[in-house]
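If you want the building blocks of each chain, they are given just below.
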Amino acid sequence: GAVVSQHPSWVICKSGTSVKIECRSLDFQATTMFWYRQFPKQSLMLMATSNEGSKATYEQGVEKDKFLINHASLTLSTLTVTSAHPEDSSFYICSATKTGQETQYFGPGTRLLVL
Amino acid sequence: DAKTTQPPSMDCAEGRAANLPCNHSTISGNEYVYWYRQIHSQGPQYIIHGLKNNETNEMASLIITEDRKSSTLILPHATLRDTAVYYCIEGGNKLVFGAGTILRVKS
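The listed protein sequences correspond, in order, to chains P and F. Reminder that position 7 of the first sequence reads as 7 in our numbering, one-by-one numbering, no gaps. Reminder that position 101 of the second sequence reads as 1101 in our numbering, one-by-one numbering, no gaps.
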């Protein structure tokens, strides 16, 4: 199997606060994890790629100081949205690849609403 | 920008085969073709991938043309639960999602 979980599945927070989203590979070790964002009626956009034990690589236009990514173990990556604003409200989805493979397996997503 | 081209939408009768086309004329020789689908409000689900040979698994079949410039995903007996957005993506270290094809399976 290749099961990826995310927690929480949805979160509502006040503007200016920080929110942490967890991504876990449940039945495999994931050297690489990816974070995507999806706005309503749009497709997924890659935000960053994270390798275990290394700093994440961010896509152009994604602020690394705002979206903090930590990938401290082979089964867990976290995304922290710092000082959240209403425009950060979105569907955040992670994916993970098995060591040595390319196929990405996606989590169920986390819906963030910033008031 | 996505490097593949897919029709924006397709309809399919329940129980019939759904054939979803994709053009990927710029695909590199060592890049796989990946297919994912996304059911409303869920994360994408991996379906199948291939390099140049046709592939089949429990979910679908993938037919890749000899020149590798296009492929077709076949769901042999579509059900209502197959209604989703289907994405065809040139593989690599990064996946670039386009708009995909909205497949509507109707009873």
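Simulated from the structure, these hints should not be mistaken for lab results. Quick caveat: nothing in here was measured; it's all calculated off a predicted structure. We put the CB at the ideal spot given by N, CA and C, even for glycine. Worth double-checking, as some hints may not be accurate.
[Stated by the list, open to error] Result set (BS3-like, lysine-lysine): computed pairs, CA atoms no more than 25 angstroms apart in a straight line:
hint, chain 1, residue 1, chain 2, residue 2
1, F, K1003, F, K1094
2, F, K1094, P, K98
3, F, K1003, F, K1052
4, F, K1003, F, K1106
5, P, K55, P, K66
6, F, K1052, P, K64
7, F, K1106, F, K1069
8, P, K41, P, K66
9, P, K14, P, K98
10, P, K64, P, K14
11, P, K64, P, K20
12, P, K98, P, K41
13, P, K55, F, K1094
14, P, K14, P, K55
15, F, K1106, P, K98
16, P, K66, F, K1106
17, P, K55, P, K98
18, F, K1052, F, K1094
19, F, K1052, F, K1069
20, F, K1069, P, K66
21, P, K14, F, K1094
22, P, K20, P, K55
23, F, K1094, P, K20
24, P, K41, F, K1052
[Said to hold, decoys possible] Residues of chain F placed beyond 10 angstroms of chain P at every Cβ, according to the derived structure:
hint, residue
25, M1010
26, S1025
27, Y1036
[Stated by the list, open to error] Example chain F residues on the side facing chain P (calculated, C-beta under 7 angstroms, incomplete):
hint, residue
28, C1012
29, A1013
30, G1015
31, H1040
32, G1043
33, P1044
34, F1097
To see whether the hints hold, each was checked on the structure:
no., hint, verdict
1, F:K1003 <-> F:K1094, "holds (12 angstroms)"
2, F:K1094 <-> P:K98, "holds (14 angstroms)"
3, F:K1003 <-> F:K1052, "holds (18 angstroms)"
4, F:K1003 <-> F:K1106, "violated (30 angstroms)"
5, P:K55 <-> P:K66, "holds (14 angstroms)"
6, F:K1052 <-> P:K64, "violated (38 angstroms)"
7, F:K1106 <-> F:K1069, "violated (30 angstroms)"
8, P:K41 <-> P:K66, "holds (24 angstroms)"
9, P:K14 <-> P:K98, "violated (36 angstroms)"
10, P:K64 <-> P:K14, "holds (21 angstroms)"
11, P:K64 <-> P:K20, "holds (14 angstroms)"
12, P:K98 <-> P:K41, "violated (30 angstroms)"
13, P:K55 <-> F:K1094, "holds (17 angstroms)"
14, P:K14 <-> P:K55, "violated (28 angstroms)"
15, F:K1106 <-> P:K98, "violated (36 angstroms)"
16, P:K66 <-> F:K1106, "violated (43 angstroms)"
17, P:K55 <-> P:K98, "holds (19 angstroms)"
18, F:K1052 <-> F:K1094, "holds (20 angstroms)"
19, F:K1052 <-> F:K1069, "holds (10 angstroms)"
20, F:K1069 <-> P:K66, "violated (39 angstroms)"
21, P:K14 <-> F:K1094, "violated (33 angstroms)"
22, P:K20 <-> P:K55, "holds (17 angstroms)"
23, F:K1094 <-> P:K20, "holds (24 angstroms)"
24, P:K41 <-> F:K1052, "violated (32 angstroms)"
25, M1010, "holds (17 angstroms)"
26, S1025, "holds (20 angstroms)"
27, Y1036, "violated (8 angstroms)"
28, C1012, "violated (22 angstroms)"
29, A1013, "violated (26 angstroms)"
30, G1015, "violated (28 angstroms)"
31, H1040, "violated (11 angstroms)"
32, G1043, "holds (4 angstroms)"
33, P1044, "holds (5 angstroms)"
34, F1097, "holds (4 angstroms)"
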